[in-house]
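Position chains B, C, D and E relative to chain A; hints supplied.
Chains as they are written, first to last, in my numbering: chain A, 46 to 229; chain B, 10 to 639; chain C, 424 to 525; chain D, 12 to 499; chain E, 692 to 1165.
I should point out that these hints are in silico values taken from the structure, not numbers from a laboratory.
By construction, the Cβ of each residue, glycine as well, lies at the ideal position given by its N, Cα and C atoms.
Check the hints yourself; a few may be wrong.
Unchecked claim - Restricting the straight-line Cα-Cα distance to at most 25 Å, the calculated cross-link-like pairs of lysine-lysine (DSS-like) are:
no., chain 1, residue 1, chain 2, residue 2
1, C, Lys524, A, Lys184
2, D, Lys442, B, Lys131
3, D, Lys379, D, Lys448
4, D, Lys171, B, Lys176
5, B, Lys129, D, Lys448
6, D, Lys379, B, Lys131
7, E, Lys1040, E, Lys1112
8, B, Lys129, D, Lys379
Stated by the list, open to error - Computed Cβ-Cβ distance ranges for the label pairs, DEER-style:
no., chain 1, residue 1, chain 2, residue 2, range
9, B, Gly578, D, Pro372, 16 to 24 Å
10, E, Ala1120, C, Arg521, 28 to 36 Å
11, D, Leu34, E, Leu710, 42 to 50 Å
As the list claims (entries may be wrong) - Partial selection, computed: residues in chain A whose CB lies under 10 Å from chain B:
no., residue
12, Ser151
13, Phe159
14, Phe162
Below, each chain spelled out in residue letters.
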Amino acid sequence: MTPVMGQYIRPEAVAWAAFILVVGLTFAGALIAVLPRNIIYNVFGLATCILGVAGLFIFLGSEFLAMMEILIYIGAISIAIVFAIMLSQPMHVRIPPAWRPKLYLSFAVSAVVFVSFSVIVLRTPWAVALERSQDWTVKRLGELFLTRYELLFELISLALLVAIIGAIITAAALGGGRKPEGEP
Amino acid sequence: MTPVAPNGGELSLALLAMGLPLLSFFLVFFVTRPRVTLSCAVSLVCSGLPLLAAIWLLAGHWRMEAPILWELTWMRGGGVAVTFGFLLDPLSLLMLCIVTGVSFLVQVYSLGYMAGDPGKAKYYAFLSLFAWSMISLVLASGLMQLYIFWELVGLSSYLLIGFWHHKFSASQAGKKAFVMTRLGDLGFFLGIIVLLLNLGDLSILGLNQQAATRLTPGLLTASALLIFCGVVGKSAQFPLLTWLPDAMEGPTPVSALLHSATMVAAGVYLVSRLFPFFQGSPQALGWVLVIGTVTMLLSSTMAMVASDIKQVWAYSTVSQLGFMFMGLGAGGYFAGVYHLTTHAAFKALLFLCSGVFIHHYATNDFFVMARSGARSLKVPMLSLTVAGAALSGVWPLAGFFSKETVLSALAELPNPAWLWLGLLGAGLTAYYTFRLLFVMWRPRRTQPPAGHAEHGEGGHHGAAVYWVMAAPLLVLAVLTALLGAAGPALESFLAWGRPLPPGAHHGWLVAASVVVVAAGAGLAWLEFGRAGAAQQGFLSRIPGLWNLFANRWYLDWLYRWLLDHVVYGLFSRLFTLNDRRVVDGGIDGFCRATLGAGWLLSLLQSGLLQYNLFTMVLVMALVGLYFLLV
Amino acid sequence: MNSLHTYLFIALVLFCIGLFGLLKRRSLIGMLISVELMLNAVGLNFMAFNRFLAPDPAVGQVAVLFIMGIAAAEAAIALSLILALFRKIRSINVEQARQLKG
Amino acid sequence: MNPGFPYLSAILLAPALGLLVILLLPHDNRRAVRWVSLISAGVCLILSIYIYAAYDRAAAGLQFVERASWVPSLGIFYYLAVDGINLPMVLLTSIVFFTGVWTMWDLQHRVKEFFALMLLMVVGVYGVFLSLDLFFLFVWYDVSLFPMYPLIAIWGSTRKEYGALKLTLYLLAGSALVLPGILYVYFQSGLFTFDLVQIAQAGLPVEAQYLGFFLFLFGFGVLAGLWPFHTWSPVGHVAAPTAVSMIHAGVLMKLGAYGVLRVGMFLCPQGLADWSPLFALLATVGIVYGAFVGLAQTDLKYVIGYSSVSHMGLVSLGLATMSVGGISGAVFQMFAHGVMTALFFSSVGHIYDRTHTKLIPDLGGMAKVMPRASFFFILAALAGIGVPCLASFWAELLVFIAGYQAYPLLGVCAVLGLVISALFMLRVVQKTFYGEKNERFAAAPDMTPAMALPRALLAGTILLFGLLPRLALDLIDTGVAPLVGMFK
Amino acid sequence: MAGDLMLFLPEAACLLMALTLFGLSLPKHQDQRRVHSWAMGLSLLMVAAGLAGLFQEGHLFFEAYRVDLFSQFFKLLLAVALLLVLGICRQLTGVEERYQPEFFLFLTTCTLGMMLMVSAVELMTLYVALELSSFSLYILVPLRSGDNIDVEAGVKYLFIGITASCLMLFGMSYIFGAVHSTYLARIADTLPLWIHQPGAVIGLLLTLSGFFFKLAAFPFHFWAPDVYQGAANQVTTYIATASKAAAVALLIRLTALSAGTSLYLLDVLMVLCVASMTLGNLAAMVQSDLKRMLAYSSVAHAGYALMGVLTMTRLGYSSAMFYTLAYMVMNFAAFMVVVKVASQGQDLKISDLAGLHRRAPLLALTLMLALFSLAGIPPTVGFTGKFLVFAAAMRDGHFWLVLVGMINATLSLYYYLMVIKAAYLTEPAEPQESLAITGPTRALNYALIAAMVALGLFPRQVLELTEKAVRNIF
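Isolated chain A, as found in the complex:
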């Protein structure tokens, strides 16, 4: 950013713009992920939303997390979803029109949740911790992984292992026993 521009565009404004952009990305992505009936749009929406969230993470002070977010969600989850979509070929399956009341019901429930939690958020006097450390480095994270969250670290690897074996078994084998007519 040049100093000239800095005269006209204050850093706060840029930050605001960036923030609004990020939030916009998040919400727009979320809506795209949820609303269209075409599943591929949804995946794109998810990816967009993830980008937004990653941006928000940056705003919240953790670039590392933003990176991991993009890595895991877009790099792993979204890809996996795309594969699943391709394998299950849902594109050519005709989706019957939605049952309207269900839509309203979903909306109502979400609205109720929104309202009640908004009030909760507003009514709670969130208190700031008395002493606050400002150590945002990744090193600190690494330390924690090897000390206080050591068990957690081991555990999640185990969970992932189980998930992978399980996914292999389920995806590779289940349902293989009985194929509908006409399938090779």
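Okay, now just chains B, C, D and E, sitting in the frame of chain A:
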């Protein structure tokens, strides 16, 4: 009068009289039943010895000074004590003799009457049971003991009436007798409770001495009337009088013993027993008089149209009992008891005689009997005549004297109407008695054959049987003839040997009653006795009355209606419906509703995943909202 | 923008959008996508608290990281199950899968 | 306290041991199963008679005490003792149990299971009567109830599954009130003990007694056949097999009344005072109502079932009077009615086994066909209508006196019920045993002497206690008097 | 480290077992019998380890992991549950043969997850451990052979599970926001101050929802009927026993955080408790599939367990623990019979039990006792458990709750009786041959019968143990 304790002899005699019949019952019923002869022997011995004991006691205490009392606690619970024991005083001794005497005679008689019956041993067991209950009733020292045996007597009556239970009418009659007397006993029982709760003392002596002073008049009257309810039931007084005629479905000796001489007289005995107590309440005595009068007249009219010999005597029993109550109600203690005594003799005799005929001719209809040649049975025929005359009050038989005492008691009353009604009753009695006698003596061949057999196996069993049955008749006939003379002696005995206050002697009363009896007998002669008489009563020309009398004033019909339409039709049916529909149905309905709710809830599990998710999230969100609102 | 409430509300909106999708979408994969949105919202929440309130900023990050990891594992299992279901009933429409009810 | 031989535990254990032995016996060995049951029943009977005789009436109070801590942290005790109230009940149980086992001697169908369940039920019954610890009392209470379901549903007759289900659910619904009641009392007493005697002595807060008694009254009342919660009883009786009916009507229904007495009235005397008008009213309605409904029944067992409702109403009325006489009468009535109704059902059971009908119109003239069975039935009927010198007369007498004293109007109605019950009992006797005999059953065999013996035992008990009521009442009074002292 | 190993003994044994099974699952063809024997042996070892570690106490992993009597009690319970379930897996007819080693593996990892869960005192650890056990179950459910419904059940289980865990995480984030820590010890210190703030209490409640899901309490019960029916019988057995135990443990731990100071939490728990009981019992009444019926009944039982938990007193917690033990025993007994009767691994209708008393008297007896126990009839353990739970509730003055509970117990009796009726009364349409019962099965039956009665009549020792355990957390 303070009672004294019995000495050893008195104690053992009284206990012998009370205990032997029970022993006999158990022995016969549970042990010797298969062996008929042995059973009869046991039973006879066990009823003969109490008779001897009774006579011994009576003779030994002819001039007793104070009542003899012996008691032990039978049951005690929660402040209520029931005593078991005996109270020996003139009244109970006299009654004891009557009961044991008739009982023994009837047992002898039954040897013949029940010969060949397959249930003979059981029959004797029941007779023993009855004897035990009746003796214990008579000797009871307390009202509760009296009540207990009162009920047991009712039970024996039930068993004996329904003895030939394969006959529907017999079992029906037994049931009717039991339930109707039970209805009366309801009052009796409540009366006892009232006395117990207010007086705390149920001993007969205590009641007679203290009740009048310790109870308020209202309570006294109430309890007396309640007790009298029991009497009404047991002695078949109006309005509970219809069971007694039906009770004639039992074997004739049973009728003689229970339903004429002893058990039904227990009511009279009870009122006499508690006479000082009843005297405490003039209203109560007034009711006794009224009920007695109504009953006497009503049942006399019924007797006038009956053609079943036992029915006639049954109605007559009811009527005579009513007559006794009139005597008692009028304040004539001796009158009632004396009539009870004589009545026991001649009425038992009447039944036993009838039993011979029934046994012989296998019919209950005296028209048929007469036509079949009843006159040829000399002893029964003569006895029947003697007893019938005594019943009608023919001089010098016992009935005449006792009837006179009752009438003179009535004459003491300020209102002459009672006397007139008594005389009317006497006339009616004479009429129906002589009606029967004339028919029996002077049979007509024109009557249509009718009637039914009580004794299925009737027929001839030979001379031995005949004489076994005839012997008791003779004994009773003699008694009937002689008891009239024993009146004054009895009177002084019952009054504890004290000199009697000179009662007003109504000379004209004798004349009046003779005239009335003669009129009744004369009318009977005109219609039944004289040669060429149609043997049809004047009542048969008045169908309305005839039907009324023949149908027992429609009392039975009323009861039947009440039973069918109120007890069964209304209460029983309604309660049953309520039970099925409301009480039970309500529960079933509740259960069905629960199941329905389960079914509805299981619809929630529709298989659609997202509706489940809705519910989950919604509930949690509502829980959040709840927190915010509260 | 530098307030806790802003982020909390962003997270909440995201959560509700995800919830809406979860309840509405009939495609199981669509539902899974919605779930991912919800998990992101949770992550945002953690990070927001972490940023504005928590004594140690590392804790929130760790939590979010683990949530991501678990989300990935979950997605793997979910997708494989969805595929298995697809092979059985030839559909990934959740409303077609209703043999179990009552 | 008295360290001698643990008689009460022995009574409790004898059927439990029998049960174990039966479970280990092979299925086809019916003979051994029967003998084991009979022997354990006999042991119980002998022990019961012994403690009945050995109980020191002068000393009164709780005797043969066995007390040990079970779960100390909750204050649960293993606490067995007898006094004047439960001793007659124990004797009753033994008599009915013994005769019941004997009555079912000829059973051929799934013998092992039947006797096993019956023994289990009896263990429960003894447990309830002997335990003075609320926890155990409830445990045994339920133990005695649930075997009813299989017992009725497998070996029963008319609408057996319906009857069994209704009965079980109904009774356990009743116990759904009892358990909260027990816990309520436990915490309200502030003692944290389930020891019934201790709670009773300490006394509950008056305001707690109101709710407490309500719970016990209706919880146990269901089992006592308290109107209007009685319909399970006739339905269940009709469905149940003979011995089960005997134990059920003879003993189990007493559990309910016993519970009201022992738990409700001991712990909540003030509550009883509050509720007694309602209690007495329901009891009286039950008496009259049961008699009237019984009048309209055509099934022998229904008749007896409703007579039980009526008679148990008397028990309730006696309890509601809060007087020594009434409660003694009620306890004695429990005993007397138990024996009587057992005799009823065992006679009906015989008739049903031989004729395969218990419909009154189908029968008739049975007195000729089966004199023994008829005799026992008629004797029971006579006891049922309160004929003097049979056991229940005395009980009814006491109850009526006390009832009249406490509630004159209800007392009169109750006495009226007696006439109705006389009417319906005699009607049944007449229609079933008298009259023309039905030729279809003319050849039906009477009881063999061996099978008549258990019935004779019951009949003998009725007569014995009828002639000598003090055998029981003196004892009962010693138990009741202290209780009534608590009402003052 | 030796001391640490002692602390970690049950988990270490479990881990060892998981690794061994993983190794066994690698070869393409594996003798099922051999794998089963290994599994049995190792799980026996695990039970032994559980017993040995029962009275250990201490912290591991920088205070993130706490070993005390409370956790060890549940670990032992879990180990025993696993052993028992493995015990009825000898004939795994319900699972395709080639996946049987994996089947055992996932059972083990699930147990491991739950063991870690009961000891974890840090929210994230808790979450990941929960997911570990959940993942294993998500995979176990559709492992059934032959049927279509298994995958459907798996999918539903999964989606309800992840929804619940989303809610749970959302709640955790609020807790984190309120008390700034994920350590339960810290939370327990701070939370009572915060409990009247909506963020904290809703956070706590939402956190509980993950365990409501495990426990199948209302409103997170919807998976239960489907999964019980859809999963292989052995898996259902496992879900119905072990995972319930872990859920109760965590509910106790988490509600204890509020120190019983929140009336609101109490209200909510009460509502959920009543709703669970009533809904479960009512819906169970109309079921015809046995496992489905048992599923609804387990919803009801979740309500009873909640009743002990919601009092948030020592008595309540210890009674809830006892109830869990009781529930495990009796439910296992019931399912054991289901497994044995469904010898082909098929679903059982209630009517399929017809004539069971003839086909297998011992199984019928066990079933009857188990059902009576479930219905809360003394002298079985189910009664004692219920009694204790009710006592705890009554002590806190929840009279109506106890009354509702008892009425529900009566309702439940209805459907249990229907099953007993089928087993004991109904005769099968066509005669079926009797079931062969092997010696070990017979012994298992006797053991279960003895356990149900003995624990019912002699609860003293176990009760003292649970009371002691509760003192560790509260």
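Assessment of proposed distance window 28 to 36 Å (beta carbons of Ala1120 (chain E), Arg521 (chain C)): 30 Å, holds
Does the structure keep Lys129 (chain B) and Lys379 (chain D) at a Cα separation of 25 Å or less? 14 Å, holds
Can you let me know if the beta-carbon spacing of Gly578 (chain B) and Pro372 (chain D) is within 16 to 24 Å? 18 Å, holds
Just to be careful: measuring from the Cβ of Ser151 (chain A) to every Cβ in chain B, is the smallest value less than 10 Å? Holds, about 7 Å.
Are the Cα positions of Lys129 (chain B) and Lys448 (chain D) separated by 25 Å at most? Distance ~20 Å between Lys129 (chain B) and Lys448 (chain D) Cα, so the pair holds.
Pair hint Lys442 (chain D) and Lys131 (chain B), alpha-carbon separation not exceeding 25 Å: Given that 25 Å is the threshold and the Cα spacing comes to 21 Å, the pair holds.
Falls inside 42 to 50 Å, the C-beta gap from Leu34 (chain D) to Leu710 (chain E)? Since the Cβ atoms of Leu34 (chain D) and Leu710 (chain E) sit about 44 Å apart, the hinted range of 42 to 50 Å holds.
Quick check on Phe162 (chain A) please, does its C-beta sit within 10 Å of some C-beta on chain B? 7 Å, holds
Could you grab the alpha-carbon distance between Lys1040 (chain E) and Lys1112 (chain E) and see if it respects the 25 Å cut-off? 13 Å, holds
Straight-line Cα separation of Lys379 (chain D) and Lys131 (chain B) no greater than 25 Å? Given pair Lys379 (chain D), Lys131 (chain B) holds - Cα atoms ~13 Å apart, limit 25 Å.
Given the hint that Lys379 (chain D) pairs with Lys448 (chain D), test it: the Cα-Cα distance must not exceed 25 Å. Distance of about 7 Å is within 25 Å: holds.
Sort out whether Lys184 (chain A) lies within 25 Å of Lys524 (chain C), counting only the CA atoms. 52 Å, violated
Hints 1, 4 from the list above are not met by this structure, while the remaining hints are.
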